[in-house]
Structure formats: C-alpha cells, structure tokens
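Participant: Here's the letter readout for the chains.
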Amino acid sequence: MGKAIVITSGKGGVGKTTTTANIGMALAILGRSVVLVDADIGLRNLDVVMGLENRIVYDVVDVVEERCRIDQALIKDKRHRNLLLLPAAQTRDKSALKQEQVKDLIQELREEFDYILIDSPAGIEQGFKNAIVGAQEAVIVTTPEVSAVRDADRIIGMLEAGGLKDPRVIINRIRQDMVRRGDMMDIDDMIEILAIDLLGIVPDDEDIIVSTNKGEPIVLNSKSRTGEAFRNIARRIEGEDLPLMNTGREKFVQRIKRMIGIS
Amino acid sequence: MAPFWWRRSKKTAKERLRLILIHDRMELTPAKMEELKKDLRDVLQKHLDVKTEEFEISVSRKRDSMALEADIPLKDSR
Numbered sequence: 150m151g152k153a154i155v156i157t158s159g160k161g162g163v164g165k166t167t168t169t170a171n172i173g174m175a176l177a178i179l180g181r182s183v184v185l186v187d188a189d190i191g192l193r194n195l196d197v198v199m200g201l202e203n204r205i206v207y208d209v210v211d212v213v214e215e216r217c218r219i220d221q222a223l224i225k226d227k228r229h230r231n232l233l234l235l236p237a238a239q240t241r242d243k244s245a246l247k248q249e250q251v252k253d254l255i256q257e258l259r260e261e262f263d264y265i266l267i268d269s270p271a272g273i274e275q276g277f278k279n280a281i282v283g284a285q286e287a288v289i290v291t292t293p294e295v296s297a298v299r300d301a302d303r304i305i306g307m308l309e310a311g312g313l314k315d316p317r318v319i320i321n322r323i324r325q326d327m328v329r330r331g332d333m334m335d336i337d338d339m340i341e342i343l344a345i346d347l348l349g350i351v352p353d354d355e356d357i358i359v360s361t362n363k364g365e366p367i368v369l370n371s372k373s374r375t376g377e378a379f380r381n382i383a384r385r386i387e388g389e390d391l392p393l394m395n396t397g398r399e400k401f402v403q404r405i406k407r408m409i410g411i412s
Numbered sequence: 076m077a078p079f080w081w082r083r084s085k086k087t088a089k090e091r092l093r094l095i096l097i098h099d100r101m102e103l104t105p106a107k108m109e110e111l112k113k114d115l116r117d118v119l120q121k122h123l124d125v126k127t128e129e130f131e132i133s134v135s136r137k138r139d140s141m142a143l144e145a146d147i148p149l150k151d152s153r
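So the sequences go chain by chain: A and B. Heads up: the first sequence begins at 150 in the working numbering, then just goes up one per residue. Heads up: the second sequence begins at 76 in the working numbering, then just goes up one per residue.
Read the hints as simulated data drawn from the structure, not as lab findings. In this text, a Cβ means the ideal position worked out from N, Cα and C, and glycines have one as well.
35 Å max Cα-Cα, derived DSBU-like pairs, lysine-lysine: (1) B:K85 - A:K372; (2) B:K85 - A:K278; (3) B:K89 - A:K160; (4) A:K314 - B:K107; (5) B:K107 - B:K85; (6) A:K314 - B:K89; (7) B:K150 - B:K126; (8) A:K314 - A:K225; (9) A:K278 - A:K314; (10) B:K85 - A:K314; (11) A:K227 - A:K247; (12) A:K314 - A:K152; (13) A:K225 - A:K247; (14) A:K160 - B:K86; (15) A:K160 - B:K112; (16) B:K107 - A:K243; (17) A:K225 - A:K160; (18) B:K107 - A:K160; (19) B:K89 - B:K126; (20) A:K160 - B:K85.
What follows is a list of derived Cβ distance ranges for each label pair: (21) B:T104 - A:G191: 30 to 40 Å; (22) A:A344 - B:E109: 26 to 36 Å; (23) A:R216 - B:S135: 52 to 62 Å.
Turn these sequences into a full structure, and let the hints guide you.
Facilitator: Okay, here's the thing in structure tokens:
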C-alpha cells in the first residue's frame, strides 16, 4: 500500500506546486511509482509546471463523477514513465469534490502507486480540506517571511485537528546573503518558532522560473543546487537521514564587503 | 542598499512573528485582550488601590508554555 502525502502551505505563492512537481520527479528518478494529484480545482497549474498541459483529456472531477476511469485521466510523464499526473478540473470550483469521494480516490491510488503527492490549494477552506482528507502525511511549504510562517503555523494546527500528526516543513526561497546580513530569518529561527520537524531547505533560485518557463522540473538538471535540494528532500521522504545542504559558501570578497558594510 | 547599521530586520521579524503566533494560537484578539484587561482591573480594584491608568497585561512565552503577565502598579498608601 502506497503513501499519500499532501503538500500544503496556507499562504499562496510560496511554491507548493513547484515543490510537488520536483519531489514527485525526484521520487520517480529514485525508481518509485508516483502519482501527482492536483487538488487545486479551478486553478489548475501542476500540469503547466510539469510541461504536460497539452496532454490533458480528462481530469479528477471526471473521475469522481464517473465520466471516465482513473487510468484514462492519468497522464504519463514524458521523461519518467513511472510518474503520472492526475490533473485538476479547470472549469469547475472547489465544491465539485466531496471529501468522501476524494478519500476513496486516494485509497484506490494507494493500491497502485508507491507515492501519491497531493498539491493542495492555498487557503483553509473546502479545497484544503479535500486535499488533506486522504493523506497519511503532510508537508508544509513556507518561506522566511512573517506572513508565510504565520499561515504555516495555522496550518499545522488544522492538520493536527484533521488527524495528520507531525507534519514536516520545507523552507523555500532561502537567501543566504540576506540571512548572513541579518535581514532574513534563518532556519533555526523558524524551526524554533514553529516547533516542527524540518524536511528540507531550498535556496531561492532564478532557474526555477526558467524551469517553469520550459515545463521541466529543476531536479532534471543534475548540476542545479536547487535540484539537489529537492533530490535530498525526496531521499529524506524515503527514510534516509541526510545532513542539511549548505546553501552557498560566502566568497572572500563578499565577506569583506559585508564587514565594511557595502554589501 | 542601506548601510549595515540600518538593517538587521530579522530580529524585528522574529519578535513580531512570536507575538502574532502567541495571539493566533490562543485565539486572543486585541479586542478580547482589552476586555480581559478591563475585567481584571475591576476585580483587582475591589481589593487593592491600583493605578488603573498604568495597569498592563500581556501574553508571552515562557519556555514551552504561554504566560499571561500583568503589571499592577499600586497607589502609594502613605
């Protein structure tokens, strides 16, 4: 029986979809069978980040409303055949799904796949509740900003109320230069405040935008440090105990500039 | 970019966040806090000569648990 993991955040725009795509791809590269479920009904995006938008025929609402079978709606990734996507409906809204239906669907997928990654919509309403109902584990994505951390804290409480104990957090878009000069909360600060286990840290990286432009998750780029961060996260999900990545060594010139206050 | 002695906004972020989360977690809105303050002040006033205008309460975190702190200055009895 596979494991269903919901990727959530509360706040929008912190990188849930990119995170889902990259962890899914990384797990597939490790040889696991993975299905990504886009639970953001009405605001479909996971297909675009994966570069699979042209292949969609049916979506998750078609499946629960029995207009097609699950296997007809699943889209095979063009790079890794053991990675599949179940797209969200674009022309419906959050009320198109009932919690019971989602629960049954996830249960069915668990019989076929090693991992089911559910990309949750932002917010704490029905869409969020639908996204967490079938999951056994939860991953919270946040960024080092007051607003994102506040929402993450709220989500932790709601996940626990929903029976998802011990969620883990990914801190996205860390900028080591800003942390160093004291203008960004560091990992220890955030872990201490949230009182939650850390699943990984991901540096802020322009290449993420490039990879989204192309529809190619950054884990496919073996040289990218951000890709490495996601690969490490996938290995931790697999149970490996990996040290945290160093998010960038400071160059000597940079350090001098910082010390005299011009950087 | 601002010179280094103007920065260090991380400390501000952390302090603000801590306070926000304390209130979020307790579901204690500023309005409820004000109501509590008024009730407490009235009770204390029955027994003590409190300097009401200087009476303050606040919530903070002590290690693993929350604490309600009150600063209750008394009028000089002499």
